[in-house]
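Enquirer: Residues 49 to 212 (the working numbering) are what the sequence shown spells out, left to right.
Treat each hint with caution, since some may be false.
What follows is a set of in silico ranges between Cβ atoms, one per label pair, in the way DEER data are often shown [stated by the list, open to error]: (1) SER162 - ASP197: 11 to 21 Å; (2) ASN57 - ASP190: 36 to 46 Å; (3) TRP52 - ALA181: 38 to 48 Å; (4) ARG210 - ARG50: 21 to 31 Å; (5) ASP182 - TRP52: 35 to 45 Å; (6) GLU193 - GLY117: 18 to 28 Å; (7) GLU193 - ARG50: 18 to 28 Å; (8) ALA79 - MET49: 16 to 26 Å; (9) SER107 - ARG189: 16 to 26 Å; (10) TRP52 - GLN166: 28 to 38 Å; (11) GLY159 - PRO90: 17 to 27 Å; (12) ILE83 - SER162: 18 to 28 Å; (13) ASP182 - ASN57: 40 to 50 Å.
FYI, nobody ran anything at the bench for these hints, they're computed from the structure.
A virtual CB, placed ideally from N, CA and C, is assigned to each residue, including glycine.
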Amino acid sequence: MRTWVRDLNRPYFNICLGHQLLIDALGGTCAHMQIPEIGVLPVALNDNARRDPLFSSLSRQFPVLQWHGVGTEGLPSDTTVLARPDGCAVQAIPCGDCAWGVQFHPENVQGTISTWTQDQANHQCVVGWLGSADATLAMERDSDEIAADQFRMTSEFHTALRQL
Numbered sequence: 049m050r051t052w053v054r055d056l057n058r059p060y061f062n063i064c065l066g067h068q069l070l071i072d073a074l075g076g077t078c079a080h081m082q083i084p085e086i087g088v089l090p091v092a093l094n095d096n097a098r099r100d101p102l103f104s105s106l107s108r109q110f111p112v113l114q115w116h117g118v119g120t121e122g123l124p125s126d127t128t129v130l131a132r133p134d135g136c137a138v139q140a141i142p143c144g145d146c147a148w149g150v151q152f153h154p155e156n157v158q159g160t161i162s163t164w165t166q167d168q169a170n171h172q173c174v175v176g177w178l179g180s181a182d183a184t185l186a187m188e189r190d191s192d193e194i195a196a197d198q199f200r201m202t203s204e205f206h207t208a209l210r211q212l
C-alpha cells in the first residue's frame, strides 16, 4: 500500500478497514475507540474538502453508514482531515494527490445491513453496540433509506478517480 501510494503515486481509495490500514501504512496510528460508531450518522465536510477533487462536489453535510470500533489517533504526514462527525474524529483524508481514505461506508446499497447481520457474530455485535434487536432493525431501515444517495456518492468518487 505504501509503495503504491508514495512511490508509484497511483490512485487509491480505501473504505473503513482500508482507511485504517492506509493510515498505519503511511505512518499514522489507529486504535480501538471507547465507544464504537455504528449506524446512519451525519458527517460534515470542512473547508479542506471544498478544494479536494473527490469531495468538492458533495453536500456540506450528509448521512453515511458507520460500522467501526477503531479510529484514527495520529495522521500520516501530508494528510489533512476532510470530514468529521461527533464520534470518530477522522472520517475522510487525502494522502498526497492520489489516495484517499474514508472511515464510513459509501458502498452501502439496499440490503447491506440486513446481509451483514445475517451473520450471527455480526448480529450479536450490532445488538450489543446498539442495545437491542429493535435498534438494529431501525439501523437497517435507515441504511436502506440512504442507499441511493450513497450509490451516487460512490459513483462520483469513481468518476473523479478515473480522471486522475
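Enquirer: Look at each hint and say if it fits the structure.
Expert: Structure-based check of all given hints:
1. Our hint of 11 to 21 Å for SER162 and ASP197 holds, since their Cβ atoms are close to 18 Å apart.
2. Checked against the hint of 36 to 46 Å, the C-beta distance between ASN57 and ASP190 comes to roughly 38 Å, which is consistent with it.
3. At roughly 41 Å, the beta-carbon separation of TRP52 and ALA181 lies within the given 38 to 48 Å, and the hint holds.
4. At roughly 23 Å, the beta-carbon separation of ARG210 and ARG50 lies within the given 21 to 31 Å, and the hint holds.
5. Taken as a hint, the range 35 to 45 Å holds for the pair ASP182 and TRP52, whose Cβ atoms sit roughly 43 Å apart.
6. Between GLU193 and GLY117 the beta carbon distance is about 24 Å. The supplied range of 18 to 28 Å therefore holds.
7. The hint said 18 to 28 Å for the Cβ distance between GLU193 and ARG50, and at roughly 38 Å that hint is violated.
8. Look at ALA79 against MET49: about 19 Å separates their beta carbons, and that is inside 16 to 26 Å.
9. For SER107 and ARG189, the hinted distance range of 16 to 26 Å is satisfied, since their beta carbons lie about 22 Å from each other.
10. Checked against the hint of 28 to 38 Å, the C-beta distance between TRP52 and GLN166 comes to roughly 33 Å, which is consistent with it.
11. A hinted range of 17 to 27 Å for the beta carbons of GLY159 and PRO90 is consistent with their spacing of about 22 Å.
12. With their beta carbons about 24 Å apart, ILE83 and SER162 fall inside the hinted range of 18 to 28 Å.
13. The supplied range of 40 to 50 Å is met by ASP182 and ASN57, whose beta-carbon atoms lie about 48 Å from each other.
Hint compliance for this structure: hint 7 alone is broken.
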